[in-house]
Each structure stands twice: as C-alpha cells, then as structure tokens.
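Q: From just these sequences and the hints, can you work out the full model?
Chain by chain, the residues:
Number of protein chains: 2
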Amino acid sequence: MGFTFKKQRHTVDEYVQGILNKDRVMLSKAITLVESQLHSDNDLAGAVIERILPYSGKSLRIGITGVPGAGKSTFIEAFGKYLSSQNKRIAVLTIDPSSQKTGGSILGDKTRMEELANDPNAFVRPSASGATLGGVHSKTRETMLLCEASGYDIIIIETVGVGQSETSVKGIVDFFLLLMLAGAGDELQGIKRGIMEMADAIVVNKADGDNIKRSKLAQKELQHALHMFPPNESGWYPSVLTCSAINHTGIKEIWELICEFEGMMKVKGFFKSNRQEQNLQWMHDTINYHLRNDFYSNQEVKSSLSFLEQQVETEKIPAIVAAKKLLSMFFNKRQLGE
Amino acid sequence: MGFTFKKQRHTVDEYVQGILNKDRVMLSKAITLVESQLHSDNDLAGAVIERILPYSGKSLRIGITGVPGAGKSTFIEAFGKYLSSQNKRIAVLTIDPSSQKTGGSILGDKTRMEELANDPNAFVRPSASGATLGGVHSKTRETMLLCEASGYDIIIIETVGVGQSETSVKGIVDFFLLLMLAGAGDELQGIKRGIMEMADAIVVNKADGDNIKRSKLAQKELQHALHMFPPNESGWYPSVLTCSAINHTGIKEIWELICEFEGMMKVKGFFKSNRQEQNLQWMHDTINYHLRNDFYSNQEVKSSLSFLEQQVETEKIPAIVAAKKLLSMFFNKRQLGE
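Chain order of the listed sequences is A and B. My numbering numbers the first residue of the first sequence as 2 and each following residue consecutively. My numbering numbers the first residue of the second sequence as 2 and each following residue consecutively.
Rather than coming from a laboratory, the hints here were simulated on the basis of the structure. A portion of the hints provided could be inaccurate.
Which copy? The list can't say, so a pair holds if one copy fits it or any two copies do.
[Said to hold, decoys possible] Derived lysine-lysine pairs resembling DSSO-like cross-links, with alpha carbons at most 30 angstroms apart:
no., residue 1, residue 2
1, Lys-273, Lys-326
2, Lys-171, Lys-59
3, Lys-30, Lys-326
4, Lys-303, Lys-326
5, Lys-325, Lys-30
A: The following block contains the structure:
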C-alpha cells in the first residue's frame, strides 16, 4: 500500500511576511518552494519572487570558487565569522555540481560549515542545482533574492572551480574571488581554463607554518601572471592576497579589498550597470532555457536525437541537415497544436 | 523605374563539379550562395553542402587572432607564401566584425593580402558574417567545407581579437594561434579577456630591428604567464614563439610547431575526437540559432520586447516574469498555427 504525501505549502502572504520578518524557517521553506521541480509549485514561487523583489538587491553578492582542497569551506567559515563580528548578516549558498546527478545535495554539505551555520547572523544553505542547462543559474538567483529580502547584507555563493557553474555564478555576483594554493604548477591543473581571468581577486589560502614562504612566492607569481591580462572593463586590476583561514590571518585585508572594489564600482557607476546587464541577461537566459527545454523534451525530437547525433559525429550527414530535420519535426508538431 | 536583378544561380551539379575541379570562380560563387540571405537560396546551398561533405574535412584548420596592429595580414601573407613554397594549397577566410554592421565586408579587405591573393596556390576571401548570433559560425563553417572540397590543404581563419567571434572560431578550428606584440603591458589591453587561455600557441610578431630584444623578453614573460594556466585537455602546453613577418624570420618554426601539434593530436586521438565534438556542437548551435531566431522575430515578441527589457533593467518586474510573458506570447501564437 502506498501513501501520497502532499507537501505542505503556505500562502504567498505567509511566505512573504515570514521572509521580511527574518524568519529563517520560512526563508528555508520559500527556498524549497523555489527549487521545487513540481509544475504546480511554479506559479506560487513566481508570485513570491515577484512580491519580494522590491526588497531585494541591497546586498553585496560575492562568488567564491576554487579547486577541491583549496579550503573553501574553512575560508568561508572564517570569512563569514569575521563579517558576523562586524555585525553583518551573511547568507552562504553552496552549489555542488555532484548534486546535479542525484537531484539533491551532498550529504553533510551543510555541516561542513557547522560553526557558521550556528551563528545567528549567518544562514548556510546548499543550493540544489537542477540537471538542466540554465537550472543552476535560475534557482540560485532566486534563492539569492529571497535571502536579500530577508535582510542578509552579504550573499556568498560558493562553487567548485571545476565545472560549468562558474560562468553562471560570475553572471549573478558583484565580486568574484578565486581561492588557490601555493605551488601553483600542480594544484592549478584542476582549475578550468578561463576561470583565472574571471577573478576580481585571487586569494592564496593556507599561508601558514612552513607554507608562508611558498604562499608569498605564489602570490608574486600570480600577480605577475595577472598583469599579463587586460584589466576588467571597469578598470579594476585584480589583486592577489594571501590568508590562513585556520589561523584567521589575512581575512580582514580581503574584506577591505572587497570594500574598496565596491566603493570604486559604485562611484564609477559600474556597480549599477553591471546589475542591470545581469538582469537583462537573466531574462534572455530564461527565454533560452525554456525554448531549449521545450525543444529537447519534444517526443519526436527525443526519439530521433541520438541516432542523428551519431550520424553527425561520424560525418554521415552534415550537422546543419540534422539540425533542420529535428527543427522541422518540432515545429510541425507545434503547428498541429499538440 | 526600378529593375529587378535576378541573381544567376547554377545547378547543384555545376557547383559541385566546379568545386571538385578546383575552379576558383565556381568556388567563389558557391560561397556567395552559402552566404546569401535569400530564403530561396537556402535549399540550394544546403544541397551543395550535403554533396561536397564527403570531400571535406581533410585540411588542417588554423584560427589566427590578434589585436589591430599586431600585423595579422602581413603575418598571414608571409605564412601563406611559405606554405605555398612547400607546395601546400591555402585558403584564407577573414572575418571582419565591422562587416556585421554593413552586411558586407570592409572595402579593400582582400587587397590587404595582395601578394598571397595572386598566388595560384592560395585563395583569399573575406567571410561575410551575418549580424545574427550563430551567423558567423555557420557561414564560415560552410565556407571552410567548400574550400576543403576544392582541395585546399590548409584553411586559415583570421579574426580580430576584440570581438565575439573568437570563441566561435575556436569551435571550428584544429589549432588556434594568437598573434601579439612586444611591450605586453599596453598592447595587451585590446585583447578580450579569455582569449589568451584559448591559444594553442602565441607568436610575438615584429621581432625585428630594435625590437628583437623586447620581443624575446615578451616571449619569456608570456611563456611564464602561460605556465600558470592548466594545460589543454589533450596535455598540449601552448608555446610562445617570435617572428618577423616582414623579414620572413621565425615562420618556418611556427609551421613546425603546428605540425608537431597535429602529429601529437592525431596519435593521441584528440584530433578526431575534437572534430567530432565540433560537429555535434555545430548541430546544437544550429538548433539553438533557429529557435532563438524564430522567437525574437515573432511579431508579438518584437513589439513588447524593448518595453519589457526596460522594465527588467530598472527592476520594475523580475526578469523571470518578463521572460514568461514573452514565452507565452510566442507559444500561444504558434499553437494557433500562425
């Protein structure tokens, strides 16, 4: 015998009031609603987002990435505790690429930052990223807006620097920080190409004990390498700093650098124009996502896709001919009103 | 009084035979057909591409980029002349971003490589890139296939390293070369971020006269910077070479490096797998292009787009709500069979 559990949902007003009242439980529930794959939750989630939108946007959004082993969790914990001691409220959203496969998040992900998670000024939440293109983007973005409406001053979005999610994260944050280790040669190899050039700052972590000298050297080399790149459009030159998350050294300096960045961007107008561009991009990404989703979930397309892919791969038919075959299947069916 | 000129078209057989017979005039005409914006030319162009496909794919495809002033034309001319002296047949396709605005190509673009253009072993052609997303990609790709079927051993695709086209070009070539100048600091600033990491080799041009010492220094610095990057997936470490296109020095070494790359990639199987991935990507790009094109050229979407964009930019409505409004306009109309 099977039971059907109906997920408990609140009204739009209840979610919105809870979020604005800084009720952590309601914030969590609203995030679960936004992340829901259930079609029936879409409209409710959309209504909540629309209502909280005027209260969002006031935080500073920071993306943090780095290879596994760079000490991201320890760093974010130290950084978050420091911010909390400065009376800042911090929300940490972690995007784990492995969660794309299971549909949930890695077990114990939250407990990685146990101390921070128990800080009344902090909110730590693994962000489930859907398996589909654009999914990561969209859900994390909405979660960020909910946290902002709930009065968090700083939103930290953590990704592992080996996947596809960094470009998406870069597209929703104000500041992008790359965490590295000394001994660049080997450790760097896990970082995806292109990520270094996206960074607004690089921090060499684990600059402690025997490792201080190597870290300072890595700092110098990285700074040199970064000078070979063109500056950001805004004229910002990425800096390289060192820190020890376990010893809590260098943390304050990182925060000061971020504040300097924020100040400069606001004066120059880039802070606002960047956010506006990100909003527009969000709209077009959403459109693109739905168009593709509609196409690739079409029954006829699905049944022919892998055969045609194989034909194209082995150069039996031109890619363009295969594409047109699939497109005509899709549009013919749509025009029949199915 | 107005005249209507009917463009003269040939039959599929005539195009195909002309191309296979290495008839330069017919090759040119076939490229014009492929680049045509006329809907009536699409099927004919598709049929030609499909017929020549079995004869394509045998060339080595090289992408060359660099900021204006790096001496791309002079380099390609010297490089092309060298290859011709080695009994290679070379086709040079130049993509000029400014041609996206006028719909044609910059006047005199072809004459920039006059000596090469008059070499019986060479074929120089400015590639008209449509204004629309995916246009650059698709037309240049098909033009490349036509040249291959016409027996060109090496296809060189030239872009200016300041625009959007480099990523597209990277996606259709086997080897990607970045041309630079000594005195990296200033000159580099015109290069778009991310391009350096795409390069399989960097060549410091104008290493002649007083500039030799500076060029050697730039070579060393760039090589150092590149070592900070992870290697390509294939395990290839990008090299930095110097050359003087006007003095024809260093050209042979560049060609030898490219041959080394080709050999290594073929032995390791990356040459083939890269081409297969590119073919698949081409199919999906074509699909994406048509879906987007269909959407953004929809009358209702067009009439509401700029108002909604403005609403989103100023945060009056959430991006996701605006996207959904546009999507429902589009799909409702399509379902009525319009």
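Q: Taking the numbered hints from earlier one at a time, note which ones the structure violates and give those numbers from smallest to largest.
A: Of the numbered hints, all hold.
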